[in-house]
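Protein chains in written order, with full-length UniProt numbering: chain A, 1 to 316; chain B, 1 to 316; chain C, 1 to 316; chain D, 1 to 316.
Don't take each hint at face value.
As the list claims (entries may be wrong) - Which residues of chain A face chain D? A few of them, derived with a C-beta cut under 10 angstroms, are:
id: 1; residue: Thr5
id: 2; residue: Phe19
id: 3; residue: Ala22
Stated by the list, open to error - Restraint ranges, calculated between C-beta atoms of paired labels, are given here:
id: 4; chain 1: B; residue 1: Glu307; chain 2: C; residue 2: Arg297; range: 44 to 50 angstroms
id: 5; chain 1: B; residue 1: Asp31; chain 2: C; residue 2: Val132; range: 54 to 60 angstroms
id: 6; chain 1: D; residue 1: Ala308; chain 2: C; residue 2: Asp138; range: 50 to 56 angstroms
id: 7; chain 1: D; residue 1: Gly141; chain 2: B; residue 2: Asp31; range: 39 to 45 angstroms
id: 8; chain 1: D; residue 1: Arg297; chain 2: A; residue 2: Leu136; range: 24 to 30 angstroms
id: 9; chain 1: B; residue 1: Asp138; chain 2: C; residue 2: Asn180; range: 42 to 48 angstroms
id: 10; chain 1: C; residue 1: Ala279; chain 2: B; residue 2: Pro114; range: 45 to 51 angstroms
id: 11; chain 1: C; residue 1: Asp70; chain 2: D; residue 2: Glu307; range: 40 to 46 angstroms
id: 12; chain 1: B; residue 1: Ala182; chain 2: C; residue 2: Arg303; range: 35 to 41 angstroms
id: 13; chain 1: D; residue 1: Glu307; chain 2: B; residue 2: Leu136; range: 54 to 60 angstroms
id: 14; chain 1: D; residue 1: Glu62; chain 2: C; residue 2: Glu242; range: 34 to 40 angstroms
id: 15; chain 1: D; residue 1: Asp13; chain 2: A; residue 2: Gly292; range: 53 to 59 angstroms
id: 16; chain 1: C; residue 1: Glu307; chain 2: B; residue 2: Gly237; range: 55 to 61 angstroms
No lab work stands behind these hints: they were computed from the structure.
All C-beta atoms, glycine included, are put in the ideal place defined by N, C-alpha and C.
Number of protein chains: 4
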Amino acid sequence: MSDLTLNGIPVIDTFAEAFDVAGTALIITNDTAKWAMIAATVMTGFATSVIGCGAEAGIDAELSPEETPDGRPGVRVLLFGFEPNGLKDQLLKRVGQCILTCPGTACYAGVEGPTKIKLGGAIRYFGDGFAVAKRLPDATGKSRRYWRIPVMDGEFLCEDFVRAVDGAVGGGNLLFLGRNHAETLKVAEIAVDAARAVPDVILPFPGGIVRSGSKVGARTKGMMASTNDAYCPTLKGRAGSELSAEVGVVLEIVIDGLTSRSVAESMRAGLHAATAAGAAHGLVAVTAGNYGGNLGRHHYHLRDLLEAPASAGNAA
Amino acid sequence: MSDLTLNGIPVIDTFAEAFDVAGTALIITNDTAKWAMIAATVMTGFATSVIGCGAEAGIDAELSPEETPDGRPGVRVLLFGFEPNGLKDQLLKRVGQCILTCPGTACYAGVEGPTKIKLGGAIRYFGDGFAVAKRLPDATGKSRRYWRIPVMDGEFLCEDFVRAVDGAVGGGNLLFLGRNHAETLKVAEIAVDAARAVPDVILPFPGGIVRSGSKVGARTKGMMASTNDAYCPTLKGRAGSELSAEVGVVLEIVIDGLTSRSVAESMRAGLHAATAAGAAHGLVAVTAGNYGGNLGRHHYHLRDLLEAPASAGNAA
Amino acid sequence: MSDLTLNGIPVIDTFAEAFDVAGTALIITNDTAKWAMIAATVMTGFATSVIGCGAEAGIDAELSPEETPDGRPGVRVLLFGFEPNGLKDQLLKRVGQCILTCPGTACYAGVEGPTKIKLGGAIRYFGDGFAVAKRLPDATGKSRRYWRIPVMDGEFLCEDFVRAVDGAVGGGNLLFLGRNHAETLKVAEIAVDAARAVPDVILPFPGGIVRSGSKVGARTKGMMASTNDAYCPTLKGRAGSELSAEVGVVLEIVIDGLTSRSVAESMRAGLHAATAAGAAHGLVAVTAGNYGGNLGRHHYHLRDLLEAPASAGNAA
Amino acid sequence: MSDLTLNGIPVIDTFAEAFDVAGTALIITNDTAKWAMIAATVMTGFATSVIGCGAEAGIDAELSPEETPDGRPGVRVLLFGFEPNGLKDQLLKRVGQCILTCPGTACYAGVEGPTKIKLGGAIRYFGDGFAVAKRLPDATGKSRRYWRIPVMDGEFLCEDFVRAVDGAVGGGNLLFLGRNHAETLKVAEIAVDAARAVPDVILPFPGGIVRSGSKVGARTKGMMASTNDAYCPTLKGRAGSELSAEVGVVLEIVIDGLTSRSVAESMRAGLHAATAAGAAHGLVAVTAGNYGGNLGRHHYHLRDLLEAPASAGNAA
């Protein structure tokens, strides 16, 4: 398909096709970083795909006390859905089940954006009329409204509403074709670390990696999607395989971001890190997944990502 | 209400009221303990209550290679639902989204029991006709059936079916009434560690602890459940508060188990560990939650748990 | 248990135990009464219990053009959930799937109340920026806000928000103990017709009637609820049966209402109609279902419903 | 795009793009046709799209006593999902909530096929150990297994398992471009009646018709799908509109079928009926919806449907 290379690793001249989605960010704080992370991990669990889980979610960054509204350690999580209503439903369920319940946590809007999603203003009903609103200025002096909802460990402080952004994108991706499992997993882990370091993105699959790529439709049974047999190493002997003899394993990373730019930069970071480590770990090639280009509005051509990323500090 | 004490800490003479539920166990293995734990953590996320999340789930134990069917490191997870059909639905969704997708994982039945739940035999459809069944003897020589489902990193090996047990119980609980947040959290964490060490149980809330206790109904708004104001320290001044002046925080642990015995032993372990550490951390009293006794078939009287637990090795 | 009788039919001296729930009403209009009813029927389908379906819903009344905001024929539907957030989620899904999609329909708030639920203001996102808001006075002169969302048949007109009431009640009920199936079904149908004629209530089960009464818990398997064997005619021989020899069938009606008064009046109407017709149709007795009284805040004692209902015109 | 015509009405030379889905059929019987239809209508409500409702469902046919397994009046319903597991989940929920609950109903497999879906064998758990299995020969002499589950009106008889077919198809469609609403609705209703008369299909939208066509993506907000503005009459003035000046309304019918052949024949029947009635009702043109052809495996070219349908009796 091409003769692109990066760090000596062949890069297929194709593109990742990604979609407009609804996205938001939350800041979860606690007295300790440990408990902020517990709440964030539980809240973003079982959130690898919107169709299967209702949402895609993950941890964007750990925050120091200086970076949070209440001066406590925090975690920023991102949550994505097909559309604002579905996003809201998942947000309320996940905050209600995993943050409201978790000792010591508070919850704040983690991003600006044009679409309000009522959060504390909805969860306050749990307070049975005992919840009270209060207004406080934030670090920029802007007045914000919070709800203090009585719970057994004191009060759950939750911002009245959070914001969905315009322009969130779901489905940026890279596929790593490698020789053996352990080595290719190492390459994918390196790519995940680099891709996650870019602000405003998450990698929703377990550990950031997915191995069960799918195709639309199936050969026989009634399935709208099924295993992407063209990329399954055990099916290499069949007509239609896309894998050369030396490829023994394929791993994918999937990236959702609050902006298209952050998805591109995250893919760029992952591509560069993976190819830089690739020669030492038997990486055969890097490619990306798409649906022919007619479905998703966002096309990330690997060709456009060959230039080195800006330093992490500039990426956002 | 009583003059029970344990380790010098008052124990209210009441009982935890728990329910019959459907429960199963899975063993998740991987090439490394790290990746087995990643898969198990994601799969059991967002699973704090059946009504809000569809399931209650958690990690029962890490398993050494000697303890797993394929000689790899593993994690045993438990999953609970209201009834077998709902349990199956959640099992398939969570394995399909979080285990099938996760590089390197395999999935086995983790408990015997009378009710079959098709697992590999259902997920194999993802394999689009390429999945193949194989039979292998297990460690006891019993023949078991597995599906090998082609994915991009090779094959997802998944046992044909798993088993739901008879006699699973959801909702064992203890309430810790303490003086301040950090100290009472410490007591609750100690209780969680002890309660979790008992086999065949999970504590489904974040970090094992819940702070948002609820009552049935509400004063005004249309809510079937709302904050348990009688146990909210900020509402102590109101008529109906159950909290004495010295109580500044209440934390609860909730326990689900594959057997009633394991729930009782887990409560016993938590009660003893919490009271043993309680004097040093300002613990005021321990109590438990119930609905008057007419709803749940299982009543765990704290009075019956005052005797010391058997050593951990004998608890199951 | 008692010697109450009504119209010569024994009435057990017990009570129906019902719950606080969240409730709202919508008015669905169309160019024709036929299409308003099609939309309302589809939208309120699969809505017999909150736990199993996400909502309880049904048709309260057909409305003449004089009774609707846009002078077209209409149907008033009621929707109930455990709490306002769950109600909103179901409302958006059901309006989005069954009213937005249905040729010619418009959708208006059907009740006043203290809690706003954004409806048109949420569904307008489907309009992709082409939706426009407009304000119009209603019949009382009050200004209301609507969204006009472009669709293929013109515009979907949907009120900006609807209202959840305070004081909705779910689970009013009556049990009819009869001799044979066809005759007891006739009695239950007569009760349904009378109960439905009271404003502000629905009977969410198929045709208003349910035959699968349940008890909390089960004898063996992991089930939080199972068949109410004490009321199963085929299990009359067992210890614990509540049915006398002559009872061959039991049917139940369940009533949800926007107010406690409407539930009581609907039960009253059903009780009187059923007993009035009962002698001719072999009705043995009427009773009601409860959980001992500790769970639901609303207790409707049959003893209090023996006085004749006011004429239908006064019932609300 | 073409100069195809049928019955004097322009037919655009394009195709409907449809998908492999999982599908099954049930037969619901009752003592009366009225109550069989009540159960079937409630069970297939809120089932217009798999993503929004979990399933697409509808009524295929009313059955005479001669056509049902138990010699009672019946209704055949079809249910479709993305894959067999999702289909099973919806089947159990809908039968459990709407058929198990409905007085007098019984439930049987309505189609043969290679994939078993446990139905009675799963719902029997509701029977709390009192359910009993029995084997009976069907009309062809084949032994079938049923569960008799005690309920308050006697027993719910439910076949042990039903069958999912191979080769079900979702998303056949026709778009009718008309001059005014009432007339085009009439055309669409005529098309629905004809399309529904073909065996083995349902039209899942309200009354068989949908007016809220969507496109993939959106201009601004985070939406994976939004109104198909190119087909919205109120947006005709904008660049990109596909509607000529005379088109004032567009209505669509969507068809799901157990076989590709049945979808094609149903589209054919709808196309012929609509065009036959079209001149009298101001029909401007007929077209169909697709995604460019790369997504769905099934392409129904209108060009291939211009030949008259076989008589209804031969269509299956």
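Going through the hints against the structure:
1. A least Cβ separation of about 29 angstroms between threonine 5 of chain A and chain D goes past the 10 angstroms threshold, and the interface hint is therefore violated.
2. The beta carbon of phenylalanine 19 of chain A comes within 5 angstroms of a beta carbon in chain D, closer than 10 angstroms, and the hint placing it at the interface holds.
3. At a threshold of 10 angstroms, the smallest CB-CB gap from alanine 22 of chain A to chain D is about 4 angstroms, leaving the interface hint in force.
4. Range check, glutamate 307 of chain B to arginine 297 of chain C: about 39 angstroms between beta-carbon atoms, so the 44 to 50 angstroms window is missed.
5. A hinted range of 54 to 60 angstroms holds for the C-beta pair aspartate 31 of chain B and valine 132 of chain C, which are about 57 angstroms apart.
6. Checked against the hint of 50 to 56 angstroms, the pair alanine 308 of chain D and aspartate 138 of chain C passes, with Cβ atoms roughly 52 angstroms apart.
7. Glycine 141 of chain D and aspartate 31 of chain B have their C-beta atoms about 54 angstroms apart, which leaves the hinted 39 to 45 angstroms range violated.
8. For arginine 297 of chain D and leucine 136 of chain A, the hinted distance range of 24 to 30 angstroms is not satisfied, since their beta carbons lie about 56 angstroms from each other.
9. Evaluation of the 42 to 48 angstroms hint for aspartate 138 of chain B and asparagine 180 of chain C yields a failure: the beta carbon distance comes to about 54 angstroms.
10. Distance hint for alanine 279 of chain C and proline 114 of chain B: a CB-CB separation of about 48 angstroms, consistent with the stated range 45 to 51 angstroms.
11. Our hint of 40 to 46 angstroms for aspartate 70 of chain C and glutamate 307 of chain D holds, since their Cβ atoms are close to 44 angstroms apart.
12. For alanine 182 of chain B and arginine 303 of chain C, the Cβ-Cβ distance of about 54 angstroms falls outside the hinted range of 35 to 41 angstroms, so the restraint is violated.
13. For the pair glutamate 307 of chain D and leucine 136 of chain B, the beta carbons lie near 55 angstroms from each other, so the given range of 54 to 60 angstroms is met.
14. At roughly 38 angstroms, the beta-carbon separation of glutamate 62 of chain D and glutamate 242 of chain C lies within the given 34 to 40 angstroms, and the hint holds.
15. As the Cβ distance of aspartate 13 of chain D to glycine 292 of chain A is approximately 22 angstroms, the hint placing it in 53 to 59 angstroms is violated.
16. Glutamate 307 of chain C and glycine 237 of chain B have their C-beta atoms about 43 angstroms apart, which leaves the hinted 55 to 61 angstroms range violated.
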